[in-house]
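Top line first, the protein sequences correspond to chains V, S and A.
According to the working numbering, the first sequence holds residues 22 to 373 in order.
According to the working numbering, the second sequence holds residues 23 to 260 in order.
According to the working numbering, the third sequence holds residues 22 to 305 in order.
Quick caveat, the hints were computed from the structure, so don't treat them as lab data.
Idealized CB from N, CA, C, for every residue including glycine.
Any given hint might turn out to be false.
Under the rule of at most 20 Å between Cα atoms (straight-line distance), these lysine to any residue pairs were calculated in the SDA-like manner [as the list claims (entries may be wrong)]:
1) A:LYS213 with V:LEU57
2) S:LYS165 with V:GLU334
3) S:LYS165 with S:PHE201
4) S:LYS165 with S:ILE175
5) A:LYS242 with V:LYS68
6) A:LYS259 with A:ASP60
7) V:LYS68 with A:PHE166
8) A:LYS120 with V:GLU200
9) A:LYS242 with S:ILE160
10) A:LYS213 with V:TRP331
11) A:LYS120 with S:TRP29
12) A:LYS242 with A:ARG98
13) A:LYS264 with A:MET22
Simulated restraints on C-beta separations [to be verified]:
14) A:SER268 with S:ILE211: 50 to 56 Å
15) A:ARG269 with V:PRO58: 35 to 41 Å
16) V:GLU324 with A:ARG269: 41 to 47 Å
17) A:ARG269 with S:ILE177: 28 to 34 Å
18) V:ALA161 with A:ARG125: 50 to 56 Å
19) A:ALA183 with S:SER130: 32 to 38 Å
20) V:ALA185 with A:GLU124: 30 to 36 Å
21) V:GLN182 with A:PRO180: 44 to 50 Å
22) S:PHE164 with A:LYS65: 51 to 57 Å
23) S:PRO103 with A:ASP60: 22 to 28 Å
24) S:PHE164 with V:LEU355: 42 to 48 Å
25) A:GLU127 with V:LEU223: 28 to 34 Å
26) V:ASP177 with S:GLY90: 23 to 29 Å
27) A:PRO180 with S:PHE164: 29 to 35 Å
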Amino acid sequence: MERPAVSERQPIDRRAQVIRAFTLLGGVYFFLYFILPETAAESLGIKARHEAISNGFIVIGAMAVGLGLFNLVSAHGSRIAFARKGWAYSLALLVGLFSMLAVTAAQWRQSLGITAEARKAQIVGEFAQRIVQDAESHAAAPALAVRAAALRAYADGLLDQIGATLLVGPPAETPLGIELRAAAASLRGSLPRLEAVPGESLSPEGKGALTDVGRAGELLSAALGAFLRQESSSTMVQQLYTLLYEGLFNQLGSAMFALLGVYIAAAAFRAFRIRTVESALMMAAALIVMLGQISLGQLISDELPAMRQWLLEVPNSAAFRAIRLGASVAALMLAIRMWLSIESGSFSSRKR
Amino acid sequence: MDSTTAWGSASILVGGLGTLAIFSFLIRENPFYRFFEHLFIGIAAGLGPMLVIRDFLWPNVLEPILGGNVTAFPDGTVSEPYQPLYLLYLVPMAFGCLYYCIYSRRYSWLAKVVIGFTLGASGALAIRGFFGEVIPQIVGSFKPLVVMGEGGIMIADSINNGIFVVTLLLVLNYFFFTFGREGAIQGRIAPLGRPLLMVCFGAFFGSTVMARLALLVERVQFILVDWAGALRSVLGLG
Amino acid sequence: MRRLIYLAMILAVAVPLLLGASRSPSRLVSAERMYDVVDTLDAKPGEVALVWLDFGPGTLAENEPQAQVLLEHLFRRRIPVVLLSQYQQAEAALQRIPKEVAERLEAELPGERWSYGDAWVNGGFRPGQSIFIQALVNAPDVSKFLGRDVNGMPITHYPRFAAIGGVEHVKLVGEVTGLVGVFDNIIQFFQKGGYRPTVVHGCTSITIPEAYIFLDSGQLKGLLEGIAGAAWYSEVLKRHYPKSDNSRLLAVNTALSSAHVVLIGLIILGNVVALWQRARRRDG
Chain V
22 MERPAVSERQ PIDRRAQVIR AFTLLGGVYF FLYFILPETA AESLGIKARH EAISNGFIVI
82 GAMAVGLGLF NLVSAHGSRI AFARKGWAYS LALLVGLFSM LAVTAAQWRQ SLGITAEARK
142 AQIVGEFAQR IVQDAESHAA APALAVRAAA LRAYADGLLD QIGATLLVGP PAETPLGIEL
202 RAAAASLRGS LPRLEAVPGE SLSPEGKGAL TDVGRAGELL SAALGAFLRQ ESSSTMVQQL
262 YTLLYEGLFN QLGSAMFALL GVYIAAAAFR AFRIRTVESA LMMAAALIVM LGQISLGQLI
322 SDELPAMRQW LLEVPNSAAF RAIRLGASVA ALMLAIRMWL SIESGSFSSR KR
Chain S
23 MDSTTAWGSA SILVGGLGTL AIFSFLIREN PFYRFFEHLF IGIAAGLGPM LVIRDFLWPN
83 VLEPILGGNV TAFPDGTVSE PYQPLYLLYL VPMAFGCLYY CIYSRRYSWL AKVVIGFTLG
143 ASGALAIRGF FGEVIPQIVG SFKPLVVMGE GGIMIADSIN NGIFVVTLLL VLNYFFFTFG
203 REGAIQGRIA PLGRPLLMVC FGAFFGSTVM ARLALLVERV QFILVDWAGA LRSVLGLG
Chain A
22 MRRLIYLAMI LAVAVPLLLG ASRSPSRLVS AERMYDVVDT LDAKPGEVAL VWLDFGPGTL
82 AENEPQAQVL LEHLFRRRIP VVLLSQYQQA EAALQRIPKE VAERLEAELP GERWSYGDAW
142 VNGGFRPGQS IFIQALVNAP DVSKFLGRDV NGMPITHYPR FAAIGGVEHV KLVGEVTGLV
202 GVFDNIIQFF QKGGYRPTVV HGCTSITIPE AYIFLDSGQL KGLLEGIAGA AWYSEVLKRH
262 YPKSDNSRLL AVNTALSSAH VVLIGLIILG NVVALWQRAR RRDG
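Chain V extracted, bound-state conformation:
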C-alpha cells in the first residue's frame, strides 16, 4: 500500500493530539478533586466552585440532547419525503415525537405561568424577611417605613387581584379554594400591623409584624401554587399530556417488556435441559429460588424461603462478588486507558 505523503499525514496527527489533550484535560479536574485533601481544595478555592464546575460538565453533556432528534428526523423524514417502504410508520413516529415535544413544551409553559403567579405571593414573604435582615445588619436600603409601605401596597394589590380573579365561582368552593381564601384572609389581617414599623430602627413590634406578614405570604404562595396546579390539571394541555404519557408511553413501554414474560416461558421449555451435573446444579438452584419467592412455595415446604435466602446470601453472593470484583478491576483499567487515550485508535481518522 502506498504511504501517504508527510504533508497529508501531519494535520491528521495534530488533530488526534488535540483530541488526546482534551481527553486528558476532561479527567484532570475530577481526578485532582478526589485526591486533593479537603483543606487544599478549600484553600485553592475549588471547593466553593465545585458545584458550578460540575454543572459545567453536565452542561456539555446536556448540549447533546438534539443529536437523537436530528438523527430520527433526518432518517424518518427522508423516508417520508421519498415515500420509501414503511413511510407510514415513519410518519407515526414523527407524529409521536412532535406531539410529545409540543405538549411537553406547552405543559412546561403552563407550569412556568403558575410558578410566576405563586412567586408573586412568595415575594411578599421574601421581601418582609429582607427588610428585617437589612435593618438588623444596617445595610444600605430605603427607609424602613417606606419599605413597609411598599410591601403593604404590593400585598394589597396582589390580594385584590387574587380576590377578583381566583376567588370567584365554583373553584373557590373546592378544598384548595377554601384554603387559598383562608391564606389570603390571614395575609390581609396581618397587613395593618405594618403600620407599627417605624421609620428609623426596627422595633420588636415592627419585627414581629414583618415576620408575621412574611409567614402569611409564604402560606399564601403555597396555597396559591396548589390551587393553580389543581385548576390546570383539567386543561386541554394537561389532558393531552396524560394521554400521551400515561395512555401511550407508559402502556406501550410496559407491553413491549411484558412480551419477555411469555418468551422466557418458551425458552425455559425448549432450552432448560438437564444434561450434565452442572446443569442439574443450575436447575436445582433456579427451582429453589423460584419456589422460595412465591406464596405457593410454602405449600411444598415452609423451609423454601429460608433455603432461597441462604442460597442468595452465601454461594450466590460469593460467586457474584468474585465476578463483580473481576469486572470492576477490568473497568478500572479501561477507565485509566480511556482517560490517558491509550484506547484512542478511533480518534485518528487514519485506518490502521
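Chain V is fixed; fit chains S and A onto it per the hints.
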C-alpha cells in the same frame, strides 16, 4: 361524565388498545404492532430533550444567565445583584455544541474533541467510583472462619463463612487468566469454580423469571381490570 | 407449540386475577430488614430522606409497588421526602406515586394531611448521573444545591425543606430502580469523608443476585426484591397499620405465583419430552 374522567377513560382505552397491538406480535408481526411500536419510539424520543431543558438547562443555566433568578422587590431593590459569572456557562454550552460537528464531513473531528473530553471526565470519575464501591466489598470478604458467639463457636455461621470464602476464591481463580492452567494444582483447582458459578447462574435465572413474569402480570391485570372496566363504563355496561 | 405456551402463560396469569385469588406472600428477610431500617430511622427536624425513583415503563411493574410501600412507610413516619431521578422516563412516577400514596393515606386517616411541599418535594429529573451525585454530596446545603423543584419553585420555599444543610442531614437514601448503572452511581458516589448514608434499594428481580453482594458488605441496609419484596413489605406494614390496603399487590403476587408454577411445569415437561425423544432415538 366530566371532561377529566372522559380524558382519563380515553387514556386507559388507548393504552389498552396499544397493549393489545403489542401483544399481537405473539401471533406474528403485523402493521397494527408496527404502528404502535413506531409511535412509542417517537413519544420516547420527544420526551427526553424537553426534560433536559425543563429540569436542568433552564433552571440551572439559562435562567441565571438571563437574570431570571434575581427577584425585584416592590421598593425597587433586588434580592441579589446579577452574577456575571453565570455567563461563563456559555463556554461549556459552546463547547457542547461541537457535538453537532458530527454532521459536517470537514469538521467532524471537532465532535471527537468534545466526546474525548467527556470520556476523560467519565474515566476519572470511574477511578473514584471504583474505590467507593470495591473497597467495602473487599473488606466485607474477610469473614472470620470461626465465628464466636456468647455460647461458644457458632457452627452454622462458621460453615456459611467457610463456604462463602471458598466459593469466592474458587470463582476468582476460575476467571484468572493471567497465567496458564497447565500446572498440576491450578489445572485441578480451576474447574472447581464452574459448578459454583452454575449455582449462581441458577439463582440468576430464578430471579430473572420473576422479573419477566411480573411485567406480564402487570399488563394482564391492566387489561382485565383497568381497561375492561373503562370499556364497560364507556359502553354503559356497568 | 410456541403459541400454546404463550396461551398457557397468559391464562396462568389471567385466571387467578379473574377469580380474585389472593394468598399471603412469601416471607422475605431482606424486606423485613428494610422495614426495620425505615421504622427505626431517627430523623430530627430538618433532616430528610432522599428517594430516587429511577424507572420507566420497562420496570414499572416491579418498581412502582416498591416505591409505593417505601413512600407509604416514610409518609406514615412523617419523614420529609425529597424525590429525585437520574432517569428521564421516571417523570410520571415522580409525579403520580407520592400523590397516590398521600391520597390513600388521607382516605385511611380522615383529618390527617400529606401535602406537597410538606410531606414531599419533587426535584425532578437531574441529568449528569455520577457528576450530579458527587456534586450533591459535596454541596454545603442540599436545599440550595437542588435549586428548584419540578414546578419551578425554589426548594428553600418549603419550610420543611428550607435548610437541609449538608448531605449528613440526609438520613436515608432510597434507590428504586432496575438499572444497574444508576444504582452503581449511588453506591460509588453517595459518600463523603466519614459519611456513609443508610441506603435501601428496591431492585427488579433480575438484579437481586447482584444486589445481595451489597447487602452482605453493608453498603445496603435493606432490599426490596421485586414484586415479592414489595408484597412482603406491604404485609409487614399491614401488621403495624391494619388499615393499610395491599389487596391489589397481593392479587398481583398470587398471579405471579401461578405463573411461576406453570413455568416450572414447562421446564419439567421440556425435560420429560427431551428424555422421551432421546429414548426413542436410542430405540431406533
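Hints that the structure is at odds with (numbers, increasing): 3, 5, 10, 13, 15, 16, 17, 19, 21, 22, 23, 24, 25, 27
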